[in-house]
Amino acid sequence: MSLSFRLRYALGLIPNAHKLDSAWSDLLKMREDLHQIEASKELARYLALKVEVNSDEFQSNKRKVKALKFKGSASHHSTREFTKLDSRKSVKAYLKYKQTSDFDPANPLASGADVTRYLELEKVVQAPEFIQEVEFLKNKNRFSTTPESLLETELVQLEQHVLIQRYINIQKHPQLSFFDEWEIILNENFTEAKLAVSLWEPENYWGSRIAGFSFSQSTELQAFNGLGNIQIKNNILSIVTKVEKAKGKIWDASLGLITKEFGYTSGILNTGNGFKFKEGVVEAKVRFRADAALTSAFSLTGNKPFPQIDIFRSGSNRVGLGVIDHPKNGGVKKLVQIKGLNFNEFHIFSLEILGDLLVWKINNHEVHRDLISHDSGDLFLNFIGSLHKPLNSNDLPHHFEIEWVRCLRKRND
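Per this note's numbering, the sequence shown starts with residue 1, numbered consecutively.
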């Protein structure tokens, strides 16, 4: 698998970390925009109108209004009857008599059937509401005069609103469905000038619990110097390995913990007190020099020091990754070695933990998978910079750069 990855990476078929990072930032920006729009009164009104205007009842009423005709309507019949009566001799005689000074409503001329009906219809057809109804029925664009048409117009206008346009465009991106399944539970971008010690402890977690302080292994040449070798600049955290004299502790298999004078210092971080997780995806965007003398590593441990899951561990022009069981049990697993990376660039190393299945990825491309048989409980993060061979001042300081760290887990339905 490593050869396939190496070839694909060399051919440019593996995504660039910065491009992946940019795509993620765009996705987060879309989600943030979506949340802001979802809280707006404009969207609430738009969605309510959309439901109402597109409802079967609304559309049915709209079709009924458009289908109305003056001809054949009750108003049309009343108008025709009134017009016919207006031409009758008896009605004409009544209207002429009505204009004289001798007009008497009790006169038989005013009480005929045609005149009586005429007078009834006259009140009807001259009523403002009747006139308005006739105008409405005769208007071919009658729907445009209705309150329902105003709602449709409002809906069209809202669709042109910048917020609604942004909402419609965002809804076209199926990538947002990712957040329906996954939630971000850690998103560390190192935006503060100082380390967030509530999240990160600049110590070896198990060393400080067992001995009360961090200590180095017998194969390491550096002393761990707490916050002294942790730098944050331009939103990038660096674990700095440098030439510096310091006293520290080292673990000797025969003598135990002994004090030693070191010629180098470095740093270590863990989230044992600040953040733990059980399952999900954990990943970091990092850059480091990969040679035999230096080790830059990102690992997970749980309720015991072992097993240790190495998301990556740098070597000579390579990175190793896999599960390390307790060495005393003779169960050390050989790490899978990945070659061919350009270590002048940042890369995104990630691990997916789905039950017992572990899947390693570099720049979103799978490079290894394995099963873990131990229940390590909740897992926490460890970053370390260490030195195993002497280096001169020209090769140091070395900066193990971490641009961001994040963790995601599946949502519970």
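If you're looking for bench data, these hints aren't it; they were derived computationally from the structure. Please note: incorrect hints may appear among the correct ones.
[Said to hold, decoys possible] Straight-line Cα separation of at most 27 Å, DSSO-like style, residue types lysine-lysine; simulated pairs:
1. LYS242 <-> LYS389
2. LYS304 <-> LYS249
3. LYS304 <-> LYS339
4. LYS41 <-> LYS64
5. LYS19 <-> LYS242
6. LYS361 <-> LYS333
7. LYS276 <-> LYS410
8. LYS276 <-> LYS339
9. LYS84 <-> LYS71
10. LYS123 <-> LYS84
11. LYS361 <-> LYS29
12. LYS69 <-> LYS19
13. LYS194 <-> LYS140
14. LYS276 <-> LYS304
15. LYS389 <-> LYS249
16. LYS123 <-> LYS98
17. LYS410 <-> LYS29
18. LYS71 <-> LYS50
19. LYS339 <-> LYS19
20. LYS29 <-> LYS19
21. LYS29 <-> LYS172
22. LYS71 <-> LYS172
23. LYS278 <-> LYS242
24. LYS29 <-> LYS62
25. LYS138 <-> LYS71
26. LYS278 <-> LYS333
27. LYS50 <-> LYS62
28. LYS62 <-> LYS84
29. LYS172 <-> LYS19
30. LYS50 <-> LYS140
31. LYS233 <-> LYS194
32. LYS276 <-> LYS361
Keep in mind the model is a prediction, meaning the values are calculated, not measured.
We went through each hint and held it up to the structure:
1. Proposed proximity of LYS242 and LYS389 is supported: the alpha carbons are some 13 Å apart, at most 27 Å.
2. Proximity of LYS304 to LYS249 is assessed by CA-CA distance (about 21 Å); at most 27 Å being required, the pair is judged to hold.
3. This hinted pair does not check out: LYS304 and LYS339 have alpha carbons roughly 30 Å apart, beyond 27 Å.
4. Taking the CA atoms of LYS41 and LYS64, the gap is about 32 Å. The hint is violated against a cut of 27 Å.
5. A hinted pair counts as satisfied when its Cα atoms are at most 27 Å apart, and LYS19 with LYS242 does not qualify at roughly 32 Å.
6. Proposed proximity of LYS361 and LYS333 is supported: the alpha carbons are some 19 Å apart, at most 27 Å.
7. Restraint check for LYS276 and LYS410: the C-alpha separation of about 15 Å stays at or below 27 Å, so the hint holds.
8. Note on LYS276 and LYS339: the hinted pairing is violated, with a Cα-Cα distance of about 30 Å set against a maximum of 27 Å.
9. Our distance criterion of 27 Å between C-alpha atoms is met by LYS84 and LYS71, whose separation comes to about 16 Å.
10. Simply put, LYS123 and LYS84 have alpha-carbon atoms about 16 Å apart, close enough for the 27 Å limit, and the pair holds.
11. Taken as a hint, the LYS361 and LYS29 pair is honoured in the structure, with Cα atoms around 24 Å apart against an allowance of 27 Å.
12. Between LYS69 and LYS19 the alpha-carbon distance is near 62 Å, which puts this suggested pair outside the 27 Å criterion.
13. Restraint check: the Cα-Cα separation between LYS194 and LYS140 comes to about 72 Å, which exceeds 27 Å; the hinted pair is violated.
14. Distance restraint check for LYS276 and LYS304: the Cα-Cα separation of roughly 13 Å lies within the 27 Å cut-off, and the hinted pair is therefore satisfied.
15. At most 27 Å may separate the alpha-carbon atoms for a hinted pair to count; LYS389 and LYS249 meet this at roughly 18 Å.
16. For the hint pairing LYS123 with LYS98, the CA-to-CA distance comes to about 16 Å; that is within 27 Å, so the pair holds.
17. Among the hinted pairs, LYS410 with LYS29 is consistent with the structure: their alpha-carbon atoms are about 20 Å apart, no more than 27 Å.
18. A threshold of 27 Å between alpha carbons decides the hint, and for LYS71 with LYS50 the separation of about 34 Å lies outside it, so the pair is violated.
19. Our distance criterion of 27 Å between C-alpha atoms is met by LYS339 and LYS19, whose separation comes to about 21 Å.
20. At most 27 Å may separate the alpha-carbon atoms for a hinted pair to count; LYS29 and LYS19 meet this at roughly 15 Å.
21. Between the alpha carbons of LYS29 and LYS172 the distance comes to roughly 15 Å, so the proposed pair stays at or under 27 Å and holds.
22. Pair hint LYS71 plus LYS172 does not hold up; C-alpha atoms about 47 Å apart against a cutoff of 27 Å.
23. Distance restraint check for LYS278 and LYS242: the Cα-Cα separation of roughly 35 Å exceeds the 27 Å cut-off, and the hinted pair is therefore not satisfied.
24. Note on LYS29 and LYS62: the hinted pairing is violated, with a Cα-Cα distance of about 40 Å set against a maximum of 27 Å.
25. Of the pairs offered as hints, the one joining LYS138 and LYS71 holds, with about 9 Å between alpha carbons and a cut-off of 27 Å not exceeded.
26. As the CA atoms of LYS278 and LYS333 are separated by approximately 22 Å, the hinted pair is consistent with the 27 Å bound.
27. For a cut-off of 27 Å, the pair hint linking LYS50 to LYS62 stands: about 15 Å separates their Cα positions.
28. Between LYS62 and LYS84 the alpha-carbon distance is near 34 Å, which puts this suggested pair outside the 27 Å criterion.
29. Using a Cα cut-off of 27 Å, the hinted pair LYS172 and LYS19 holds, with the two alpha carbons roughly 21 Å apart.
30. This hinted pair checks out: LYS50 and LYS140 have alpha carbons roughly 25 Å apart, not beyond 27 Å.
31. Note on LYS233 and LYS194: the hinted pairing holds, with a Cα-Cα distance of about 9 Å set against a maximum of 27 Å.
32. With a C-alpha separation of about 21 Å, the suggested pair LYS276 and LYS361 falls inside the 27 Å cut-off, and the hint holds.
This entry does not satisfy hints 3, 4, 5, 8, 12, 13, 18, 22, 23, 24, 28, going by the numbered hints stated previously.
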